[in-house]
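Peer 1: Chains R and S, in that order, give the protein sequences. Here the first sequence stands for residues 1 to 353, numbered as in the working numbering. Here the second sequence stands for residues 1 to 353, numbered as in the working numbering.
Heads up, the list lumps identical chains together, so a pair's fine if it works in one copy or across two of them.
Listed next, the in silico DSBU-like pairs over lysine-lysine satisfying Cα-Cα at most 35 Å (straight line):
1) 178 x 208
2) 141 x 290
3) 259 x 20
4) 259 x 141
5) 259 x 329
6) 259 x 172
7) 60 x 313
8) 290 x 259
9) 259 x 178
10) 329 x 208
Worth flagging that the hints you see were computed from the coordinates, not collected in a lab. The structure displayed is predicted, hence computed values, not measured ones.
2 protein chains.
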Amino acid sequence: MSGDNKIRIGVMSCTNIVRKLSRAINLAPNATIAAIASITTSIQETKSFAASNGFPPTVKIHSSYESLLEDPDVDAVYVPIPTSLHLEWVIRAAWNGKHVLLDKPVALNVSDFDLIVAACESNGVQFMDGTQWMHNPRTTKINELITDSESFGHIKSVHSCFSFAASETFLKNDIRVKPGLDGLGALGDAGWYTIQAVLLANNFKLPKTVTALSGPVLNDAGIVLSCGALLSWEEGVTATIYCSFLANLTMEITAIGTKGTLRVHDFVIPFQETEASFTTSTGTCVNDHKVMTELPQEACMVIEFARLVGEIKNKGTKPDGFWLSISRKTQLLVDAVKESIDNNLEPVFLSGR
Amino acid sequence: MSGDNKIRIGVMSCTNIVRKLSRAINLAPNATIAAIASITTSIQETKSFAASNGFPPTVKIHSSYESLLEDPDVDAVYVPIPTSLHLEWVIRAAWNGKHVLLDKPVALNVSDFDLIVAACESNGVQFMDGTQWMHNPRTTKINELITDSESFGHIKSVHSCFSFAASETFLKNDIRVKPGLDGLGALGDAGWYTIQAVLLANNFKLPKTVTALSGPVLNDAGIVLSCGALLSWEEGVTATIYCSFLANLTMEITAIGTKGTLRVHDFVIPFQETEASFTTSTGTCVNDHKVMTELPQEACMVIEFARLVGEIKNKGTKPDGFWLSISRKTQLLVDAVKESIDNNLEPVFLSGR
Chain R
1 MSGDNKIRIG VMSCTNIVRK LSRAINLAPN ATIAAIASIT TSIQETKSFA
51 ASNGFPPTVK IHSSYESLLE DPDVDAVYVP IPTSLHLEWV IRAAWNGKHV
101 LLDKPVALNV SDFDLIVAAC ESNGVQFMDG TQWMHNPRTT KINELITDSE
151 SFGHIKSVHS CFSFAASETF LKNDIRVKPG LDGLGALGDA GWYTIQAVLL
201 ANNFKLPKTV TALSGPVLND AGIVLSCGAL LSWEEGVTAT IYCSFLANLT
251 MEITAIGTKG TLRVHDFVIP FQETEASFTT STGTCVNDHK VMTELPQEAC
301 MVIEFARLVG EIKNKGTKPD GFWLSISRKT QLLVDAVKES IDNNLEPVFL
351 SGR
Chain S
1 MSGDNKIRIG VMSCTNIVRK LSRAINLAPN ATIAAIASIT TSIQETKSFA
51 ASNGFPPTVK IHSSYESLLE DPDVDAVYVP IPTSLHLEWV IRAAWNGKHV
101 LLDKPVALNV SDFDLIVAAC ESNGVQFMDG TQWMHNPRTT KINELITDSE
151 SFGHIKSVHS CFSFAASETF LKNDIRVKPG LDGLGALGDA GWYTIQAVLL
201 ANNFKLPKTV TALSGPVLND AGIVLSCGAL LSWEEGVTAT IYCSFLANLT
251 MEITAIGTKG TLRVHDFVIP FQETEASFTT STGTCVNDHK VMTELPQEAC
301 MVIEFARLVG EIKNKGTKPD GFWLSISRKT QLLVDAVKES IDNNLEPVFL
351 SGR
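Build the full structure now, drawing on both the sequences and the hints.
Peer 2: Shown next as structure tokens:
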């Protein structure tokens, strides 16, 4: 793809996740970093960040998000700012005609997200959340296998967990433990992944009920540091999730069908960047699968995002609503777990939501 | 060990599990099959069963359980009869001075089990339940690793499941789906293992509460075919279990500590008889472990049972209460899950039980 046809992405902030995503954009053949805006660093510091992360020399440096969003040489923005700021800045981006790649959780709650959706739809901009593992080629393979009724049958039970042992500094200072910033804590962060995993295993069908499990751990400000939940569909199909900032790194999916079982041990971030494995089994017959990944999963995500944006920009098509619908379902379930925690672990019925 | 010193075991019934245990007794150097009693087969059929399963030619054939229990040449009995018959026959065995290896679930409920315990204690007989995987050398190794606070830290979350896809015939006719026989269904059978797994991971400490998860599947007679439960300890330590007759064979333990994670994929019956594997990880560093098992786990169980019986028989020591205490805790938790299912999924508080 010639340089002119690449989707020009503007990134917001100079955080670590921007380092990772910038590398991914550089690796993606259909995208380029066109601009950066940082409001917490000086122009000089931002320039230095851009240089040390391999941004093209032509990159524009903005000192405000407004200025980035008004830049006519930017097609799309990557928005990794705290969740409490998503509503304002994604709506502004949409009304400026910028396509949006937004970090999870997508909003503080689903009604905020619906305002984001409305803004994106009104302006015909593409939306995608930044859940990288969903774009790993392994995930495509997993999806094929668990929707194969011959080998997997139909789903009966899923368990997914994502935990990591956060440092004392993280538990004191990270935006993910601050009510004014990422108020959903471990649930909006680690829990987001586990909820998308159980949705994937259920072909993205919403459960009937969501019930938080007893024993959630909250910090003094009431932010979830660790919790679990049960999701229930019809006919005894169930899923449990567990997410935590307080336990050793664990990233599991165990999905059990009537005929097959799937196990993944590193679903969020594969232990190796260039290959990703999982196992399936039927009875005592176990198969190990390995999927080679030429590019890291975050680059695959950028490529897919830029492809969708390219369809709109170059062919005048409408935005693809698939990823947006998954973001909304995930946010709905995150909200439901939170509601159940806040409501003495009562089940939350999702009908009509 | 000379033939004279071997613990002489009498087995009850001619079922498939007796085939498996007879092989185990034959493999155990400190035990021998001294007698068999079957009330559903003719003497000739029982003789033929004995011959085709490698019983010693000297084995005595009894046509009633009473007669077996009165046999002075029997030290101990293996009792794999339906759960509803445990109370009567284990109490009779104990009062006849026979040590007891009893299949799980040990009773229909813990108050029945307490009568069994009282009978065993009154008569100084050794009790052990027939949960084979607890005697696999791998389980010893697992126990060492998860109680190592240096590498594992302390437990935060455990998930264990045991499911298998029962045939239509099983779901119609097996004793495990009949109210009058094994009325605890999948919970007393598959669930028993998962509960012992989460107890093991919690150093056999009882949880504070047990809550059945929504979505249990019952048959027309009200027997559990599939269910899940949450077990909660102090400070947010939780475990979830899932057991089912309706899903593909899956036998998982995922135990997450503050510093380490343990994963076992075949904890109930290892995929291979002569070796058993598991993995541990800390952060992204994963270690595969393999434990060689010279004898199958059921033979290890018989050896341990016969060793304990031998201590009493030959040295006059008192019965060892360790295995009995674990059986009681497991039964207590099985009961609690059932109580929660019967009581609209309300939590069951275990304090004082």
